Structure formats: structure tokens, C-alpha cells
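So my numbering is basically just the index in the sequence shown, starting at one, shifted up by 395.
It is possible that part of the hints are untrue.
Said to hold, decoys possible - Label-pair restraints from in silico Cβ distances: (1) N545 / K503: 54 to 62 Å; (2) Q429 / S534: 35 to 43 Å; (3) L467 / R428: 43 to 51 Å; (4) Q542 / V415: 29 to 37 Å; (5) S479 / I401: 19 to 27 Å; (6) F494 / P403: 44 to 52 Å; (7) K503 / I401: 36 to 44 Å; (8) I464 / Q400: 12 to 20 Å; (9) D532 / I401: 17 to 25 Å; (10) A543 / R502: 16 to 24 Å; (11) A468 / K503: 47 to 55 Å; (12) V415 / N508: 38 to 46 Å.
Rather than coming from a laboratory, the hints here were simulated on the basis of the structure. Predicted model only: the values in this text are computed from it and were never measured. Glycine is no exception: its CB is placed at the ideal position from the N, C-alpha and C atoms.
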Amino acid sequence: MPSFQIHPFLVHFPIALITVAALFDLIGVLWKRQFFTRSAFAMLLVASAVAVIVGISGYAAEARLEQNIQILAAVADNLTHHASLGNTSVWLIVAVGLFRIWSVLERKTWSTNGWIFPLVMILLSGWVIYTGLAGIDLSQAIRAAYQAMN
396 MPSFQIHPFL
406 VHFPIALITV
416 AALFDLIGVL
426 WKRQFFTRSA
436 FAMLLVASAV
446 AVIVGISGYA
456 AEARLEQNIQ
466 ILAAVADNLT
476 HHASLGNTSV
486 WLIVAVGLFR
496 IWSVLERKTW
506 STNGWIFPLV
516 MILLSGWVIY
526 TGLAGIDLSQ
536 AIRAAYQAMN
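Full structure from sequences and hints, please.
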């Protein structure tokens, strides 16, 4: 089995931050509490920065996996699927973060009082959770491939 990988450790942070931010955005709109909306904004900013690091660590994990041709052949479909979802996730998280920064700096009232960001964040949360589930499938496929080799 491979030694410690940083990617599976780090990946949980943006997933959790995006999911909690979506919940906070929803609470902020329903209860009309700016604290929750501002907290969701801060969580999205942190998630955006961490997502880039997670993406880089994912590339490193993929490169390491490619060194073992037998394992790579066994998990190629899972790896391609998860890598595609992961790349898209990073771009989506950063794009939503930048769009939200722009809307706050431009003082768009819909950015703090409307339903746009709660809905976008709920969709983004679903996307990153789906990406994480694909990562679980990949991890299980890797484990099965290593067990089959031994």
C-alpha cells in the first residue's frame, strides 16, 4: 500500500467549507441574518484557496499513481472520472469565489440579500460532494488493485 498521501487529508476541508457555507447562506437568507451570509462568504474564500492546493495535491497523487502501471491500468476509468470532476471543482469553486468577491465589492444588494448565492452554493456543495464520492470509489479501486497484486 502506498505511504501517506496529503491529497485525501486536505480534500475534506473545501468539501466541508463549501457545504457549511451553503447552509449558512441559506440560513442567512431565511432568517435575514448578515452574520451567516458574511460567514458563508469567508468560508467560500478559504475554500477557494484550499481548493487550489487540493488540486495541486491531486495532480501529485495522480503522478505517483502513474508510476505503478499495474495499479494505473486497474483504476484508469475511476482516476479519469475523479480527476475530471476534481479539476472542474477547483475551477467552479474559484469562479464562484471571484464572482462573489466582485458582487460584494460592487455592493450588489442581491449578493447579500438574494437567493442567488444560496442556490449557487447548494449546487456547488452537491458538485463537490459528488466529486468526493468519486474519490471514494477511486480509493476503493486502488485498494482492491493492491490487494489483488498481493
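Next on the checklist: I want to verify a distance hint. Is the separation of the beta carbons of K503 and I401 within 36 to 44 Å?
Outcome noted: holds (37 Å)
Checklist entry - Has the hinted range 16 to 24 Å been met by the Cβ atoms of A543 and R502? => result violated (58 Å)
Item to check | Range hint compliance [Cβ, N545 to K503, 54 to 62 Å] | outcome: holds (57 Å)
Checklist entry - Is 12 to 20 Å a correct range for the gap between the Cβ atoms of I464 and Q400? => result Between I464 and Q400, where Cβ atoms are some 19 Å apart, the hint holds.
Next on the checklist: Taking 29 to 37 Å as the stated bounds, is the beta-carbon spacing between Q542 and V415 within them?
Outcome noted: For Q542 and V415 the Cβ distance comes to about 35 Å; the hint holds.
Item to check | A468 paired with K503, Cβ distance criterion 47 to 55 Å | outcome: holds (50 Å)
Checklist entry - Could one say that the CB atoms of D532 and I401 fall in the range 17 to 25 Å? => result Distance hint for D532, I401 holds at roughly 20 Å.
Checklist entry - Between S479 and I401, is the Cβ distance one that fits in 19 to 27 Å? => result Holds - the Cβ-Cβ distance for S479 and I401, about 21 Å, lies within 19 to 27 Å.
Checklist entry - Regarding F494 and P403, is the given constraint of 44 to 52 Å on their beta-carbon distance met? => result The hint (44 to 52 Å, Cβ to Cβ) is violated, given that F494 and P403 are roughly 29 Å apart.
Checklist entry - Honestly, do V415 and N508 meet the 38 to 46 Å range at C-beta? => result violated (20 Å)
Item to check | CB-CB spacing for R428 and L467 relative to the 43 to 51 Å hint | outcome: holds (49 Å)
Checklist entry - Do the beta carbons of Q429 and S534 sit within 35 to 43 Å of each other? => result holds (40 Å)
Against the hints set out earlier in the document, violations occur for numbers 6, 10, 12.
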